[in-house]
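Engineer: Given the sequences, and given the hints that come with them, work out the whole structure.
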Amino acid sequence: MQKDFHYYATYTAAFLAGYSAEESRQICYACMFTDHCTEMLLGAIGAPVAAATTQLQSEMINAPNTILSRQNITRIWSSFHFLPYDLNAEVPKCSRNYRNKYRLICKPNGSLVADTAELAKNNGSLQAAGLAAHIIADTWAHAYFAGTPSYVINNTSSWFYEILEENGKESERKIAFLHSVGDNIEKASYVCTPPTNKENSIFNLGHGRAGHLPDMSFIRYKYLPAWGKYESVTKDNPSDYYHAFCQLIHLFKYLRGECDSFRLGYYEEDPVLPWKEDIDTVFRKPQPDPCDDWAALVEKITGARIADFDMDEYRNQYMDAAGPDKDNTHAGQYFLAAMAHKSMVTNKIYKSGNMLAGYSVEYKTSGFHGIKEYSRLLTLMKGGPKDEQR
Amino acid sequence: MSSGKRVLDCLIGLLMLFCAFIILLLPETGYVVVVAVMDILLLVSGIRLLIFYFRMARHMVDGLRIFFKGVFLVDLAIFAISLNNISKVFVILYLIGIFAVNGGLRAFRALDGRKHGTKHWRFSLAVGICSVVIAILALIFMNNMYILMGLCFICLLYTGIMRIVNAFKKSAIVYVEI
Chain A
1 MQKDFHYYAT YTAAFLAGYS AEESRQICYA CMFTDHCTEM LLGAIGAPVA AATTQLQSEM
61 INAPNTILSR QNITRIWSSF HFLPYDLNAE VPKCSRNYRN KYRLICKPNG SLVADTAELA
121 KNNGSLQAAG LAAHIIADTW AHAYFAGTPS YVINNTSSWF YEILEENGKE SERKIAFLHS
181 VGDNIEKASY VCTPPTNKEN SIFNLGHGRA GHLPDMSFIR YKYLPAWGKY ESVTKDNPSD
241 YYHAFCQLIH LFKYLRGECD SFRLGYYEED PVLPWKEDID TVFRKPQPDP CDDWAALVEK
301 ITGARIADFD MDEYRNQYMD AAGPDKDNTH AGQYFLAAMA HKSMVTNKIY KSGNMLAGYS
361 VEYKTSGFHG IKEYSRLLTL MKGGPKDEQR
Chain B
391 MSSGKRVLDC LIGLLMLFCA FIILLLPETG YVVVVAVMDI LLLVSGIRLL IFYFRMARHM
451 VDGLRIFFKG VFLVDLAIFA ISLNNISKVF VILYLIGIFA VNGGLRAFRA LDGRKHGTKH
511 WRFSLAVGIC SVVIAILALI FMNNMYILMG LCFICLLYTG IMRIVNAFKK SAIVYVEI
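Chains A and B supply the protein sequences, listed in that same order. This note's numbering puts the first residue of the first sequence at 1, with every later residue one more than the last. This note's numbering puts the first residue of the second sequence at 391, with every later residue one more than the last.
Check each hint, because a few of them may be wrong.
Stated by the list, open to error - Here are the computed lysine to aspartate or glutamate pairs in the DMTMM-like style, where the Cα-Cα straight-line distance is at most 20 Å:
#1 A:Lys198 x B:Asp452
#2 B:Lys505 x A:Glu313
#3 A:Lys174 x B:Asp452
Think of the hints as simulated: they come from the structure by calculation, not from any bench.
Structural biologist: And the structure:
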């Protein structure tokens, strides 16, 4: 998903769930920031690089081809953009390495989605809510791909068709993938990463081989996922995005304490019904960037326009804050939420017997033995930096 | 990273440093060793592809291509090993290519880092530019055996040191329940 959903749609979902305009704005900012919080940015502002939630292309291309580097990539992408569906999935007659990669395939409504909601609830900050919204929304868009470099899981074949609908009749057309020029929706040609049969190449990370198709709300397509034993998968993005939208409202209501538990597979449709047609129209309109349509829809639903996303908005606030006060800033709260989530997902993957995301040491049983930056999480465990912010 | 892997990485790093100094001190013998290693690497990569097919790729769509590629590489490697003499030009071109691409990518990342305001972009840019300059110099003085061996020495020295440094890095993620 891109800015249209992570910023505008998330703002709308938070507002429909009952948050104020200012609260909704903080949530959608945190949600969108997840696509910008790189190690490079964190290093530049003196923040813990362990809080990185994404990577620049240059960071990935230059990453050394080592186990530690691959574990770092897997931690970031599996935790924040391709949340694994079933960490205990069984594949008959396969090697352990294949099974471990297969277990990282992302799909909506896995148990880690519930864990994500629970962690955001315990954290209590609006930034944690925005981060959880990003992660849960991406489970819909990025379904069937894994957040680890893998040729045998993430590769796609040339058998790739767009499903079109006109006057109630369905038709298909072949999708062409190129590696240099931009997307062309009219000609159904899209940019994707170049093919390589190197299992751990970053070109085989996530949905790179399927281009931006999973991130476009309007498109419906079918293809053969590498892991799918020649059975095709049909991806209906307008429907998936609508489900994601309704699930976010349920998440926000849960975080606000309006429902007792976060239920997997439950979609809060009631607040959406008056706007369902408008939202559906924007989701289904073929266009590369639906942000303008979403901005207009936000204004129609909430009665006010929201400021555009500026990734440096809270940068100075963080850099100017002294010592421990950094954790009380908007960015500081976000970094704590990101590290808490990353350590939770890494721990779950590690405990399932899967080393692809690296080692995890439990503070409760083993004390503090690991990357120093995670010591900041102890402030969260002890009740957070400042209760009034939570 | 497990303790066993750390020890193994350390040993491999030390072995690389040892080979680097052998090449520096005995360039004539070093050339024969470099060519032999490249032949063996080609054979190993073919065998690795075949293993990759049987362990992983046989489960995937179009996985049979990996099997055929593995067979082809093994065949090519056996052919290369059987040749008595490989021109030094091919060897040096291969090494120059690796240097130039790595240097270019490093410089590209450094410039990206500068755009994002990172602190260490100057060092990365310097390393990247040095790599490209070395590659260009090697291309100019291509017939010089000592330059070829010098490239191998730098490659092995850098990789060996980085391997040892990374073996001692803390890597565990601490899980703090909140």
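Engineer: Now tell me, hint by hint, if it's right for this structure.
Structural biologist: So, going through the hints one by one against the coordinates:
Restraint check: the Cα-Cα separation between A:Lys198 and B:Asp452 comes to about 14 Å, which is no more than 20 Å; the hinted pair holds. For the hint pairing B:Lys505 with A:Glu313, the CA-to-CA distance comes to about 17 Å; that is within 20 Å, so the pair holds. With a C-alpha separation of about 19 Å, the suggested pairing of A:Lys174 with B:Asp452 holds against the 20 Å cut-off.
In this structure, every one of the numbered hints holds.
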